[in-house]
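Position chains B and C against the provided structure of chain A, taking the given hints into account.
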Amino acid sequence: MSDRDLLDGTEPGPAGVRDLLARATELAAGAEPRTFRGASVGALFLNPSLRTRTSLESACAMLGVHPIVLQPGLGTWDLEFRDGVVMDGAYAEHAKEAIPVLSSFVDVLAVRSFAGLADRAADREDRVLASVRALSRVPVLNLESARWHPLQGLADQATWTRRFGDPRGKRIVLTWAPHPKALPQAVPNQVLLSAAMLGMDVVVAHPEGFDLEPDVMDRASTLASEAGGGVRVTHDPATRFDGAQVVYAKSWSGSSFYGRREEEASLREASSGWQVTGVPAGAGFMHCLPVRRNVVVSDAVLDGPSSWVQEQAAFRLWTVLAVLEAQLGGARWPSA
Amino acid sequence: MSDRDLLDGTEPGPAGVRDLLARATELAAGAEPRTFRGASVGALFLNPSLRTRTSLESACAMLGVHPIVLQPGLGTWDLEFRDGVVMDGAYAEHAKEAIPVLSSFVDVLAVRSFAGLADRAADREDRVLASVRALSRVPVLNLESARWHPLQGLADQATWTRRFGDPRGKRIVLTWAPHPKALPQAVPNQVLLSAAMLGMDVVVAHPEGFDLEPDVMDRASTLASEAGGGVRVTHDPATRFDGAQVVYAKSWSGSSFYGRREEEASLREASSGWQVTGVPAGAGFMHCLPVRRNVVVSDAVLDGPSSWVQEQAAFRLWTVLAVLEAQLGGARWPSA
Amino acid sequence: MSDRDLLDGTEPGPAGVRDLLARATELAAGAEPRTFRGASVGALFLNPSLRTRTSLESACAMLGVHPIVLQPGLGTWDLEFRDGVVMDGAYAEHAKEAIPVLSSFVDVLAVRSFAGLADRAADREDRVLASVRALSRVPVLNLESARWHPLQGLADQATWTRRFGDPRGKRIVLTWAPHPKALPQAVPNQVLLSAAMLGMDVVVAHPEGFDLEPDVMDRASTLASEAGGGVRVTHDPATRFDGAQVVYAKSWSGSSFYGRREEEASLREASSGWQVTGVPAGAGFMHCLPVRRNVVVSDAVLDGPSSWVQEQAAFRLWTVLAVLEAQLGGARWPSA
Numbered sequence: 643m644s645d646r647d648l649l650d651g652t653e654p655g656p657a658g659v660r661d662l663l664a665r666a667t668e669l670a671a672g673a674e675p676r677t678f679r680g681a682s683v684g685a686l687f688l689n690p691s692l693r694t695r696t697s698l699e700s701a702c703a704m705l706g707v708h709p710i711v712l713q714p715g716l717g718t719w720d721l722e723f724r725d726g727v728v729m730d731g732a733y734a735e736h737a738k739e740a741i742p743v744l745s746s747f748v749d750v751l752a753v754r755s756f757a758g759l760a761d762r763a764a765d766r767e768d769r770v771l772a773s774v775r776a777l778s779r780v781p782v783l784n785l786e787s788a789r790w791h792p793l794q795g796l797a798d799q800a801t802w803t804r805r806f807g808d809p810r811g812k813r814i815v816l817t818w819a820p821h822p823k824a825l826p827q828a829v830p831n832q833v834l835l836s837a838a839m840l841g842m843d844v845v846v847a848h849p850e851g852f853d854l855e856p857d858v859m860d861r862a863s864t865l866a867s868e869a870g871g872g873v874r875v876t877h878d879p880a881t882r883f884d885g886a887q888v889v890y891a892k893s894w895s896g897s898s899f900y901g902r903r904e905e906e907a908s909l910r911e912a913s914s915g916w917q918v919t920g921v922p923a924g925a926g927f928m929h930c931l932p933v934r935r936n937v938v939v940s941d942a943v944l945d946g947p948s949s950w951v952q953e954q955a956a957f958r959l960w961t962v963l964a965v966l967e968a969q970l971g972g973a974r975w976p977s978a
Numbered sequence: 643m644s645d646r647d648l649l650d651g652t653e654p655g656p657a658g659v660r661d662l663l664a665r666a667t668e669l670a671a672g673a674e675p676r677t678f679r680g681a682s683v684g685a686l687f688l689n690p691s692l693r694t695r696t697s698l699e700s701a702c703a704m705l706g707v708h709p710i711v712l713q714p715g716l717g718t719w720d721l722e723f724r725d726g727v728v729m730d731g732a733y734a735e736h737a738k739e740a741i742p743v744l745s746s747f748v749d750v751l752a753v754r755s756f757a758g759l760a761d762r763a764a765d766r767e768d769r770v771l772a773s774v775r776a777l778s779r780v781p782v783l784n785l786e787s788a789r790w791h792p793l794q795g796l797a798d799q800a801t802w803t804r805r806f807g808d809p810r811g812k813r814i815v816l817t818w819a820p821h822p823k824a825l826p827q828a829v830p831n832q833v834l835l836s837a838a839m840l841g842m843d844v845v846v847a848h849p850e851g852f853d854l855e856p857d858v859m860d861r862a863s864t865l866a867s868e869a870g871g872g873v874r875v876t877h878d879p880a881t882r883f884d885g886a887q888v889v890y891a892k893s894w895s896g897s898s899f900y901g902r903r904e905e906e907a908s909l910r911e912a913s914s915g916w917q918v919t920g921v922p923a924g925a926g927f928m929h930c931l932p933v934r935r936n937v938v939v940s941d942a943v944l945d946g947p948s949s950w951v952q953e954q955a956a957f958r959l960w961t962v963l964a965v966l967e968a969q970l971g972g973a974r975w976p977s978a
Numbered sequence: 643m644s645d646r647d648l649l650d651g652t653e654p655g656p657a658g659v660r661d662l663l664a665r666a667t668e669l670a671a672g673a674e675p676r677t678f679r680g681a682s683v684g685a686l687f688l689n690p691s692l693r694t695r696t697s698l699e700s701a702c703a704m705l706g707v708h709p710i711v712l713q714p715g716l717g718t719w720d721l722e723f724r725d726g727v728v729m730d731g732a733y734a735e736h737a738k739e740a741i742p743v744l745s746s747f748v749d750v751l752a753v754r755s756f757a758g759l760a761d762r763a764a765d766r767e768d769r770v771l772a773s774v775r776a777l778s779r780v781p782v783l784n785l786e787s788a789r790w791h792p793l794q795g796l797a798d799q800a801t802w803t804r805r806f807g808d809p810r811g812k813r814i815v816l817t818w819a820p821h822p823k824a825l826p827q828a829v830p831n832q833v834l835l836s837a838a839m840l841g842m843d844v845v846v847a848h849p850e851g852f853d854l855e856p857d858v859m860d861r862a863s864t865l866a867s868e869a870g871g872g873v874r875v876t877h878d879p880a881t882r883f884d885g886a887q888v889v890y891a892k893s894w895s896g897s898s899f900y901g902r903r904e905e906e907a908s909l910r911e912a913s914s915g916w917q918v919t920g921v922p923a924g925a926g927f928m929h930c931l932p933v934r935r936n937v938v939v940s941d942a943v944l945d946g947p948s949s950w951v952q953e954q955a956a957f958r959l960w961t962v963l964a965v966l967e968a969q970l971g972g973a974r975w976p977s978a
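So the sequences go chain by chain: A, B and C. Note that the working numbering numbers the first sequence so that position 254 is 896, with each residue one more than the last. Note that the working numbering numbers the second sequence so that position 231 is 873, with each residue one more than the last. Note that the working numbering numbers the third sequence so that position 102 is 744, with each residue one more than the last.
Isolated chain A (complex conformation):
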């Protein structure tokens, strides 16, 4: 474990997050990044990636650092993360060997591991990320886990800050959206936390049954009230965007559906009317990408002037650059 892990985005503390956002803004404006020649970042991708991987690699290049991209199952051994098992099956290597070894070869260890949506306890415990954190000797960077996506959170916060100056009190509607597949909650959880931390007025809109985990909702409420904002829920698609200054769309599978996948699928299909086909005048449309066009959101919204998705995605580079600069820079989180 390290003092510079970034797991759910709250580790740097409120002042540390503000410092990271300020540094990301400077870097986006052309400030010279620090360099760390000879250093390496190991990146373990247990799931696919485009933006996260490319922005990570590009940021590494700017820092003079080499990114090592590993994809277990695609040229690297599949990893076992459970304790005490007899390893006579498909997994050739245990994390207990792999993670300490990897972390002895690199300066930061980054990992992506989505929720499996099969074992609720494993997803709630964020088992892979927790295991990597416990076993790594170098700072850990979460590239999206079962529960969190802190680099997306920072890019979103940078976008809100650029658009609003101080985002406090601005209304963001985080809306569930249709999708052909059951998806994890990492992004909605992160949006909740990131917006709550900045004191935004957060509305979570979703069909009945698609609740996020209660502890995440509680944590967001606490963070929001500390920062002068709030969190509430609506199930009404007709009025969900009332007063919204940001509409943030994302599909997810409700916490109640573990073990009830067929029911989830039929409810999901019945909720195709939740597609975002317009946003209030002046509001921005956001999505973490990749997005299913004309399923999650219409072409008209994505290609229209209210879409902020490109700006939001472009911040992925500057925020991960600021994070890596801090993690490689040797100290604790500046303000933590």
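Be aware that one or more of the hints could be misleading.
What the hints assert, rightly or not - Residues from chain C that face chain A, not an exhaustive set, calculated with beta carbons under 10 Å:
1) 675
2) 691
3) 820
4) 856
5) 857
6) 877
To be clear, the hints were calculated from the coordinates, so they are not data collected in a lab. Just so we're clear, the structure is a prediction, and the values are computed from it rather than from any experiment. Every residue gets a Cβ at the ideal spot worked out from N, C-alpha and C, and that includes glycine.
Just chains B and C now, kept in the frame of chain A:
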């Protein structure tokens, strides 16, 4: 779109191509490349690659630049390129999001996308490359598309220039060859264009039915006559190499065979006699590689003194190095 | 072929190996590596890798060198290594083209190619490695072949040297261990050679039938007696660890089992009692990793104080760094 795209190899103009070849020759002789520390080249491989990928990566290393290799479907989302579709199928991400985002993270965006040989219109329009070009904010580098392979073209031109000084009027026979699979026309198209640009005397030899696209033939004829050369076709395998100074072998599927794959296969199998088993005295044998030994060409020719394939392949490094130096260098194509 | 190939780890000669180990120790202690900016190492992985690939990439980063990782069949053409074949099947490219071309793009060519365990002659000749060596124009680095794993050998030697000062006469028991799959002999061969070179007292313990190749046993005996050590075999699991200062576990398939896979599987299953569940007081437990927990060795041993596997794995970085520094440095092996 950018003023420094390299799509079919003609963008730099005749003088610009000469400059690139001269620079490639200098670099091959040991000239120091410029450096662009902190920069990244994104390379999207929708198809396999050995030479193109390795020479690209090695050239990047020489320039102090980091190559980011992405393989959609292998750790990166499969990309949708069609407009207006409802994305409820296999494709998780649309090029309209992916390409602008990627191009905001890198300094050059390179892409490989072979012809699908199923939809003639899509192949003729070079749909993926055209889409990437339209959506990218940074210079685009074609790593072989449905229609063109400009980096192969430059390496071939460098080989002819080294061998002949001025290649004008030298006879090159671009010959169809047997192969177990139906293959795209990108390489024969490119050889045609590259040889025509330099005023060579081009003979295209192929069995009846294996015609290249008429517009490509016309374009090559025009370029050849402007440069003092010519283009003609023969269907006679017995006399095809008469007077040849270069024999360039490549298999391809004829433009007439879209929708008639079985007929193509039977004609292809009936043409196994087109294998290259010898070349005229003094002539060089060329092939873009990879090559099927003892199907396209015999071991004796490939391993004999008339084979130029290694020299040709070695130029892939120096030409892509010259191209990237120009694309990263910030200006238009020098002479365009 | 090059004077700086590293194929079985004996190429640098005894003094050269001592130099490499000394340099690895310096580097582990913080000595600055040389730099070779603009250079590239091509790494052809025909099999999966975690430690080897990550330590190679990290070492490259320290040297200012770019590693190009290629995985034939995963985005790169499958390679044919046999001579004289008609290539009308699955292999798109022959090593005779691929290897010289690759080696014209890079400064060191590294390759991993495990034993197939189907064709004994091919495995004994180490056909892929031998072919790469014959065709490459730059130094070849073996990342584990059918017969040898020299980078593991150097890391093991570094571990013994740190633990023992001079390992001469120390007793190492290389013990066969259970595993769900038939595995190659590269690692046990290498352990034999590496320990023999340093004059250790080597005991090879395995069930009847699981013999290593006789020529490897002979070579190890000769090396050991030249260096003041010895090699003997035991088939008794009860007494195998008597007097051991190192227990090195590894599963392998015996040389006698080519063509008798089912017999091998049944004997293997009958030998589950060979699992390592304890080591003599004061002895260290070693394994090359990845390791099947509670099949090859118990959790208690791996997680206990006698386990040297992390120290051993950590040396993989410093030894490959010393090797690459020498291979890129332009000369012969210092003392060869």
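Going down the list of hints, with the structure as the test:
Annotation: residue 675/C was flagged as interfacial toward chain A, and the flag holds, the nearest CB pair being 7 Å apart, inside 10 Å. Proximity of residue 691/C to chain A holds as hinted, the smallest CB-CB distance being about 7 Å (cut-off 10 Å). For the restraint placing residue 820/C at the interface with chain A, the shortest Cβ-Cβ distance is roughly 9 Å, inside the 10 Å limit, so the hint holds. With a least beta-carbon distance of about 30 Å to chain A, the hint placing residue 856/C at the interface is violated under the 10 Å criterion.
Of the supplied interface hints, the one on residue 857/C is violated, with its beta-carbon coming no nearer than about 29 Å to a beta-carbon of chain A, more than 10 Å. The beta carbon of residue 877/C is not positioned within 10 Å of any beta carbon in chain A (closest approach about 24 Å), and the interface hint is therefore violated.
Comparing the model with each earlier hint shows violations of hints 4, 5 and 6; every other hint is respected.
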